[in-house]
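Student: Given chain A, work out where chain B should sit, using these hints.
Sequence order for the protein chains is A and B. The first sequence begins at 29 in our numbering and counts up by one. The second sequence begins at 29 in our numbering and counts up by one.
No lab work stands behind these hints: they were computed from the structure. For every residue, glycine included, the Cβ atom is placed at its ideal position computed from N, Cα and C. Warning: the hint list may mix true and false statements.
[Claimed, not checked] Just so you have them, the derived chain A footprint on chain B, three or more residues with Cβ under 8 Å:
| hint | stretch |
| --- | --- |
| 1 | 63-70 |
| 2 | 73-83 |
| 3 | 183-196 |
| 4 | 270-281 |
[To be verified] Okay, derived cross-link-like pairs now, SDA-like style, lysine to any residue, Cα gap no bigger than 25 Å in a straight line:
| hint | chain 1 | residue 1 | chain 2 | residue 2 |
| --- | --- | --- | --- | --- |
| 5 | A | 78 | B | 290 |
| 6 | A | 291 | B | 77 |
| 7 | B | 227 | B | 209 |
| 8 | A | 78 | B | 278 |
| 9 | A | 198 | B | 282 |
| 10 | B | 194 | A | 223 |
| 11 | A | 227 | A | 171 |
| 12 | A | 227 | B | 194 |
| 13 | B | 278 | A | 172 |
| 14 | A | 278 | B | 173 |
| 15 | B | 204 | A | 185 |
2 protein chains.
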Amino acid sequence: MESLKNRSIGIFDSGVGGLTVAKSVRKLLPHEDIIYFGDTARVPYGNKSKATITRFAHQIMFFLMEKRVKLVVVACNTASSLSLGSLKRHYRVPVTGVIGPGVREAVRLSKNGRVGVIGTSSTVSSKAYDRELAKAKGSYRLFGKSCPLFVPLVENGFTSDPVTYKVARKYLKEFKAKRIDTLILGCTHYPLLKGVIAKVMGNVRLVDSSLAVAREVKGMLGDKGLDACRGRRPGTIRCYVSDDAEGFRKTAGMFLKEKIDVKKVTL
Amino acid sequence: MESLKNRSIGIFDSGVGGLTVAKSVRKLLPHEDIIYFGDTARVPYGNKSKATITRFAHQIMFFLMEKRVKLVVVACNTASSLSLGSLKRHYRVPVTGVIGPGVREAVRLSKNGRVGVIGTSSTVSSKAYDRELAKAKGSYRLFGKSCPLFVPLVENGFTSDPVTYKVARKYLKEFKAKRIDTLILGCTHYPLLKGVIAKVMGNVRLVDSSLAVAREVKGMLGDKGLDACRGRRPGTIRCYVSDDAEGFRKTAGMFLKEKIDVKKVTL
Chain A
29 MESLKNRSIG IFDSGVGGLT VAKSVRKLLP HEDIIYFGDT ARVPYGNKSK ATITRFAHQI
89 MFFLMEKRVK LVVVACNTAS SLSLGSLKRH YRVPVTGVIG PGVREAVRLS KNGRVGVIGT
149 SSTVSSKAYD RELAKAKGSY RLFGKSCPLF VPLVENGFTS DPVTYKVARK YLKEFKAKRI
209 DTLILGCTHY PLLKGVIAKV MGNVRLVDSS LAVAREVKGM LGDKGLDACR GRRPGTIRCY
269 VSDDAEGFRK TAGMFLKEKI DVKKVTL
Chain B
29 MESLKNRSIG IFDSGVGGLT VAKSVRKLLP HEDIIYFGDT ARVPYGNKSK ATITRFAHQI
89 MFFLMEKRVK LVVVACNTAS SLSLGSLKRH YRVPVTGVIG PGVREAVRLS KNGRVGVIGT
149 SSTVSSKAYD RELAKAKGSY RLFGKSCPLF VPLVENGFTS DPVTYKVARK YLKEFKAKRI
209 DTLILGCTHY PLLKGVIAKV MGNVRLVDSS LAVAREVKGM LGDKGLDACR GRRPGTIRCY
269 VSDDAEGFRK TAGMFLKEKI DVKKVTL
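For reference, chain A alone in the conformation it holds in the complex (with noise of 0.2 Å):
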């Protein structure tokens, strides 16, 4: 199984706000190799059709075939939602997404059951967190709201901008009369608007899915023998996109404090 072992892992995304899940499987698990697809021909994907972004995400799919990785992480909250299962139910490498970690999370957190999730219109309406939710031990209630606005907010650098408080005050006025003490950040660019969230939303616990989608992978790994073996040379993060890398590399700087290596390739 050596050889099995020490192949990459791949994690995709409609761009470049995945790479809040490969940094956070980097620090988790040093030794792995990534391989890291951003689909920023076609960004955003929050707001297209299921049959769409279930072709799209079928073609990165056989590209990341092509490179041999041993795992896959949909690491985009849209297409998770929208297109996990098709992915599930056709490849034999495993494949996570990352709705069941931020899921489980929230439920370790929440005291009262209540929990809100925000994300693209395509996974709010989706359901896809109500039917991870239902699956959890112990009653719990899920108040879900898309935001729309803030992919754009913080990919125009509008992180900590009066007019995204003012954004994020609209969206998020509903949670207060539902009571929740838990907010699921549904969607790898929120985590840059943490800061404008916790303030907005005052004492509620905010759940990053990035961590545990980086716990979920090393459980994974482990259960099937699959981790890079220990002691290796550290592991290394290769990038390809589908459309200008030089764009991506500096948007990427956002995301990851390293230097990578960005390719791009026609799918």
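Tutor: What follows is chain B alone, placed relative to chain A:
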């Protein structure tokens, strides 16, 4: 030439925004049939590279060629800025974009020769408006500013929200010192923000190029003897999108005040 005359005009855009152009064409040329393509699976174009947008534009041209259109309007400012030259070089069918008509309209309106243009990041950094204005007789200065949040604000219905005023004041502030008297709305979504932009800019003429484009189309059809026969039945409009016909139909209502037929196709 009868059969050529009765073919449709092809209009394409990254999404729904180009319907502002389709609307003007229908108004000025009520006997013409229109085939509209919105690339909703890959929208937006505004922050993507020239190579990628040009690849998308050629795929759409191929689709329109199969529909046997007699003329193509690139209704997207980004695609016009980045890819019009390539399309004109490769196809026999007459192709027009939105940059030239917009610039000629601005030249007609400006008294002091100081013209502003707002658009997506890719449009503004392409310098396509600068190159077009350089062809005008007389002495003009162009000041460009990208406003990347305007499209998501429009698409999420924030067309007259206080947030949008705040963003507009931030983006447009720098035009004050430039003493422009004319501002080109260099993106098909921006006419929907006319109210906000007019209030923020005060006494400045706003150029909505959709009317200018319709006049250009009329002129081109006339010159080439390709205009639909007068006295013919009223023209029709058929829309094709690369994702989610239902969502397009809904948003289309904001742009085009008539019921439309929308089909999803995979390019």
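Student: None of the hints should be skipped; say for each whether it holds.
Tutor: Checked hints:
{"no.": "1", "hint": "63-70", "result": "holds (count 3)"}
{"no.": "2", "hint": "73-83", "result": "holds (count 6)"}
{"no.": "3", "hint": "183-196", "result": "holds (count 7)"}
{"no.": "4", "hint": "270-281", "result": "holds (count 4)"}
{"no.": "5", "hint": "78/A - 290/B", "result": "18 Å, holds"}
{"no.": "6", "hint": "291/A - 77/B", "result": "14 Å, holds"}
{"no.": "7", "hint": "227/B - 209/B", "result": "14 Å, holds"}
{"no.": "8", "hint": "78/A - 278/B", "result": "18 Å, holds"}
{"no.": "9", "hint": "198/A - 282/B", "result": "22 Å, holds"}
{"no.": "10", "hint": "194/B - 223/A", "result": "21 Å, holds"}
{"no.": "11", "hint": "227/A - 171/A", "result": "19 Å, holds"}
{"no.": "12", "hint": "227/A - 194/B", "result": "20 Å, holds"}
{"no.": "13", "hint": "278/B - 172/A", "result": "22 Å, holds"}
{"no.": "14", "hint": "278/A - 173/B", "result": "20 Å, holds"}
{"no.": "15", "hint": "204/B - 185/A", "result": "23 Å, holds"}
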